[in-house]
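K.L.:
What follows is each chain in one-letter form.
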Amino acid sequence: MKLILNNREEEFSQAKCTVSQLLEIKKLSFRMRIIKINGVLIPKDEYETTCIKEGDNVQVIYLMSGG
Amino acid sequence: MKQGPGKKQVRGSDSFPELVQTTGMKIFEIRAHLLRFRVGIAGAGGLGSNCAVALARSGIGTIVISDFDIVEPSNLARQYFFINQLGMFKTSAIKETIARINPDAIVIAHTEMLSRDNIPAIFAGCDVIVEAFDTDSMKEMLVETIQTKIPGIPVIIGSGLAGWGRNDLIRCRKIDESLYVCGDEMTATGPDNPPMAPRVGVVANMQANLVIEILMNKLN
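Residue numbers (the numbering used here), protein chains in the order written: chain A, 1 to 67; chain B, 1001 to 1220.
Derived from the structure by calculation, the hints contain no laboratory data. Predicted, not measured: the structure shown is a model, and the values here were computed from it. Any given hint might turn out to be false.
List of simulated lysine to aspartate or glutamate pairs, EDC-like, C-alpha gap at most 20 angstroms [to be verified]:
#, chain 1, residue 1, chain 2, residue 2
1, A, K27, A, D45
2, B, K1218, B, E1185
3, A, K36, A, E54
4, A, K36, A, E11
5, A, K53, A, E10
6, A, K44, B, D1117
7, B, K1174, B, D1184
8, A, K27, B, D1127
9, A, K36, A, E24
10, A, K36, B, E1144
11, B, K1174, B, D1192
12, A, K2, A, E24
13, B, K1174, A, E24
14, A, K36, B, E1213
15, A, K44, B, E1140
16, A, K44, B, D1184
17, B, K1149, B, D1117
18, A, K26, A, D56
19, A, K36, A, E48
20, B, K1149, B, D1176
21, A, K53, A, E24
22, B, K1218, B, E1029
23, A, K16, A, D56
24, B, K1149, A, D45
25, A, K44, A, E9
26, A, K26, B, D1117
27, A, K26, A, E9
28, B, K1149, A, E46
29, B, K1174, A, D56
30, A, K26, A, E11
31, B, K1026, B, E1185
32, A, K36, A, D56
33, B, K1174, B, D1127
34, A, K26, A, E46
35, A, K2, A, D45
36, A, K36, B, E1029
37, A, K44, A, E11
38, A, K36, B, D1176
39, A, K27, A, E11
40, A, K36, B, E1185
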């Protein structure tokens, strides 16, 4: 499948995957983050169950401490 | 950023026409417009106190600000507080300071810890919300709560402001119509990377600048 991941088109061998699987495939290990799929925020406890499919727009935003 | 309705370019001035964003409104008209809006600020520390003052100076009508902390000596290194305010709640101190700058700005202060339970009620009705927390876990909780419980209100995250220098790395990024990030998105605070006044102030004022841009696009 093809995805837009942080504004860049990327191709994956999987036809679909969960949010958790995508984070593993891309080795996105930094844990403080916000994930949005097609503009909808995915709560952390739904990473295992939320499915990503062809054409989805996935945004991963990292949250750095300090303020 | 997208230009809103009624935008026109400045001609016959010293400005570079293609880079200038203007509505053709004069300063008193801009202030009258900004007076209609309510901006939420989650946290009154380095980001929140500086952002609140910039918004009050700009003529934002109502500022809803929330924090449970008191002003401590170490806060004076970067937060908009004064020696005579030590020991006060940050919410009371910022309200007092804003009253000395712009008495027309209404400050609604919530002196309590924000949680998933009280965030929707405190910030419902705001036109924009500024995320101004210190810890990454609170930032995450706030953004997740707003975007799932009161979706549609634009949130401006501050992420990546620790240390000094590296001016060129600080930026502002639009994720979508309801989410923006200001900061370098890579530098977390730590023992050898403290938050310092200039970089915190740049990000706080960048957040305030973006609030005004979003509100100036609401001209209808």
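K.L.:
Are the Cα positions of K1149/B and D45/A separated by 20 angstroms at most?
P.N.:
Holds. K1149/B to D45/A sits at ~15 angstroms (cutoff 20 angstroms).
K.L.:
Within a Cα-Cα threshold of 20 angstroms, do K36/A and E11/A meet the stated pairing?
P.N.:
18 angstroms, holds
K.L.:
Holds or violated: K27/A and E11/A, Cα atoms, limit 20 angstroms.
P.N.:
Between K27/A and E11/A the Cα gap is close to 15 angstroms, so the pair holds against 20 angstroms.
K.L.:
Hinted pair, alpha-carbon criterion (20 angstroms max): K26/A, D1117/B. Please report holds or violated.
P.N.:
34 angstroms, violated
K.L.:
Please work out if K44/A and E1140/B have their alpha carbons no farther apart than 20 angstroms.
P.N.:
Distance of about 10 angstroms is within 20 angstroms: holds.
K.L.:
Keeping to a limit of 20 angstroms between CA atoms, is the pair of K44/A and E9/A held or broken?
P.N.:
24 angstroms, violated
K.L.:
Decide if the proposed pair is consistent with the structure: K36/A and E48/A, CA atoms, cutoff 20 angstroms inclusive.
P.N.:
Since the Cα atoms of K36/A and E48/A sit roughly 14 angstroms apart, the hinted pair holds (cutoff 20 angstroms).
K.L.:
Starting from K44/A, check that the Cα of D1184/B is at most 20 angstroms away, please.
P.N.:
23 angstroms, violated
K.L.:
Does E24/A sit within 20 angstroms of K1174/B, going by the straight-line distance between their CA atoms?
P.N.:
26 angstroms, violated
K.L.:
Are the Cα atoms of K36/A and E1213/B separated by 20 angstroms or less?
P.N.:
23 angstroms, violated
K.L.:
Is K44/A within 20 angstroms of D1117/B, Cα to Cα?
P.N.:
17 angstroms, holds
K.L.:
Mind checking the alpha carbons of K53/A and E10/A for me, to see if they're no more than 20 angstroms apart?
P.N.:
12 angstroms, holds
Hints 2, 8, 11, 13, 14, 16, 25, 26, 31, 35, 36, 37 from the list above are not met by this structure, while the remaining hints are.
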